[in-house]
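**Q** Chains as they are written, first to last, in our numbering: chain F, 1 to 383; chain C, 1 to 314.
To be clear, the hints were calculated from the coordinates, so they are not data collected in a lab.
Hints should not be assumed to be uniformly reliable.
Claimed, not checked - Just a sample of chain F residues kept apart from chain C, beta carbon distances all over 10 Å, derived: (1) Arg25; (2) Gln64; (3) Leu124; (4) Gly193; (5) Ser308.
To be verified - Below, in silico cross-link-like pairs of lysine-lysine (BS3-like), each with a Cα-Cα straight-line distance of 27 Å or less: (6) F:Lys36 to F:Lys63; (7) F:Lys4 to F:Lys163; (8) F:Lys163 to F:Lys150; (9) F:Lys289 to F:Lys265; (10) F:Lys36 to C:Lys68; (11) F:Lys265 to C:Lys48; (12) F:Lys163 to F:Lys153; (13) C:Lys68 to F:Lys264; (14) F:Lys146 to F:Lys163; (15) F:Lys150 to C:Lys48; (16) F:Lys265 to F:Lys163; (17) F:Lys63 to C:Lys68; (18) F:Lys163 to F:Lys264; (19) C:Lys48 to C:Lys68; (20) C:Lys68 to F:Lys153; (21) F:Lys189 to C:Lys48; (22) F:Lys289 to F:Lys302.
Glycine is no exception: its CB is placed at the ideal position from the N, C-alpha and C atoms.
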Amino acid sequence: MRWKTVSAIFFMVVLYLIIGATVFRALEQPHESSQKLAILAEKLDFLAMHACVNSSELEDLVKQVVSAVRAGVNPTGNAFNQTSLWDISSSFFFAGTVITTIGFGNISPHTEGGRIFCIIYALLGIPLFGFLLAGVGDQLGTIFGKGIAKVEKMIVWKVSQTKIRVISTLIFILFGCLIFVALPVVIFKHIEGWSTLESIYFVVITLTTIGFGDFVAGEKAGGSDNPEFLNYYKPVVWFWILVGLAYFAAVLSMIGDWFRVISKKTKEEVGEFRAHAAEWTANVSAEFKETRRRLSVDIHDKFQRAASIKRRLSSELGINQEMTPGKRSLSTTLCEDREAYPNLTLSLSPVTGSLARNGSLYLNGLSPDYADRREFAINESLN
Amino acid sequence: MHFVGRSWLLLTGFILFYVIYLLFGALVFSSIERPMEDRMRTELEVLKQEFLNLSCVSDAALERFLLKVLAANKYGVSVLRNASTTSNWDLASSMFFANTLVTTVGYGHTTPLSDTGKSFSILYALIGVPFTMLVLTACVQRIMFPLVLAPVGLLQRSGLEPRPATIVHFLLLLILVVMCFFVAPAAVFSTVELSWSFLDGIYFCFISLCTIGLGDFVPGTQPNQQYRSLYQVAVMVYLFVGLMVMFLLLRTFHKMADLHGLTTFLQLPRCEESDLEEDREPMVEVGHKDLTEKEATKPLEPGSQPSYNTMNTG
């Protein structure tokens, strides 16, 4: 891609970001302000109701609680019947979120050793996951391609290749959406108790690997319901993430391929057009050069002939007025030349008008009219 | 048949290895983090009890209050005194949020609260993520030439064989990237952000540039941050350029693996060679036309097109 295209696209991205920023601000700031007011009101209420607590003590407690929550410790409820955030299945889930680069953030390492290990782990794990995803996406694509081929064989009537491709892509997207988006949405709604929008939001944010972490599957269900069901809920969620990611990656790469094919095709067409234009220009200029060359040779020949005639005429007329046989032959040659003259003037006028104006022939006095007049005079004298 | 069998075998091998890797990670994380978590939990219990003992607050009232505070805090709304002036959704912060959405980093320190905000985020992400990936790959294609192909050519001309030349170049590039995009920014962050250590800075850089984005460290969110907008814009630029450089590294590594025959051995997608030649030839030769027509009529196999290219391996 050329620099101009790249910078144009870059400016489009910046513009897209600015538009997004303004829309988000317009949507979210009012909400934020109302939330702030609500929580401040709560705080004041609390302080008013419990007069023995002063503001700074409360703030200290809140600070501690908040940092504890960020470490994953839930201060509400008793400490006894809580599941740890770092038991095996949750750690497995966390490792999965690191490697898939989703990175929810509801759990994150807090020790120095944990962080260093996280870095090294991700360095090795992300490419590994990339390979895995490439492989799974490949298999998905092959399976789907085979299905499409079978369907193509079943279709009896003649349909163009592009139509088949478009239809197959649509089927792929619909089918994939059904399995990887619609079904999980229903499941999450039922198990996690989220609204439809929140479930769709979670599915999209997870499968594009953005992973905010405000909604995480399996977070709430911990501690309250039967833990055995939880033990294989989380691995199922992880498996869904893997295959869903492969699906999303396949869809995105398909879109990217289309862009590439379209840009290649347009580049091709532009290239072909340019090639044709260049060819046409080359032909025309070659013809032009050829014509000019022929013309200049022509003019040169005629000029030579005219000069020789002039010499002969001037020598003849300069001596006496008698008509010798040589003169008769001269008049006949003049006649021939007169036929040649119209061609000369015609060819002289449009293209090489400048040559005529420089007028080597006319300056010599040998204009066609003049030659005609002389010829008449000679013929009269002959008769 | 043998080929097909081999590819399935490789795939199951990969999956198995991946699961083992995850289990291993789980064990290590668990053993490192769990003691700290337990300690923190007991500390918090003690704190709560002290608070309750000293004051007239009942357990239930405190629980209710804490729940509300935590719910608000999840969305970035803090109840602390000096945090009430700065908003999380002013223009620079919203742009920062849009950037984390579109580059798939997704810190989560601020998330949309309203339903409309959530729906808009979905649409915005679905369009913005492929678009950004396209832009990043386009930029990487352009800078491949001066940063990779030209130096490798130079190394080759100064006598090295192709394979060692690519290795040497890759190592040099890696060192350069680590210095410029990890060590230097980490130093800057650890001075600007008061509570971050140098290791925290490097951890943040790594987690962000790999687009994991856990969100435990986010620059510019301290309540009394000076020049907050400028700082956030600078971080955005750093993230974008860093991401591009990461893609470049991955692509270089991919090409190197191609050259050494690793990708064909593991039956992974090869790097696309054709894009680079297209850049330098403005006109398409006659032969190309047939080739692209053939490509266009292949059955649609989305996975078989090179790589998980939008996300990771480039």
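**Q** For each hint, tell me whether it holds in the structure or not.
**A** Hint-by-hint comparison with the structure:
| no. | hint | result |
| --- | --- | --- |
| 1 | Arg25 | violated (4 Å) |
| 2 | Gln64 | violated (6 Å) |
| 3 | Leu124 | violated (8 Å) |
| 4 | Gly193 | holds (15 Å) |
| 5 | Ser308 | holds (53 Å) |
| 6 | F:Lys36 to F:Lys63 | holds (16 Å) |
| 7 | F:Lys4 to F:Lys163 | violated (34 Å) |
| 8 | F:Lys163 to F:Lys150 | holds (16 Å) |
| 9 | F:Lys289 to F:Lys265 | violated (35 Å) |
| 10 | F:Lys36 to C:Lys68 | holds (11 Å) |
| 11 | F:Lys265 to C:Lys48 | violated (68 Å) |
| 12 | F:Lys163 to F:Lys153 | holds (15 Å) |
| 13 | C:Lys68 to F:Lys264 | violated (56 Å) |
| 14 | F:Lys146 to F:Lys163 | holds (17 Å) |
| 15 | F:Lys150 to C:Lys48 | violated (66 Å) |
| 16 | F:Lys265 to F:Lys163 | holds (18 Å) |
| 17 | F:Lys63 to C:Lys68 | holds (14 Å) |
| 18 | F:Lys163 to F:Lys264 | holds (20 Å) |
| 19 | C:Lys48 to C:Lys68 | holds (16 Å) |
| 20 | C:Lys68 to F:Lys153 | violated (61 Å) |
| 21 | F:Lys189 to C:Lys48 | violated (34 Å) |
| 22 | F:Lys289 to F:Lys302 | holds (20 Å) |
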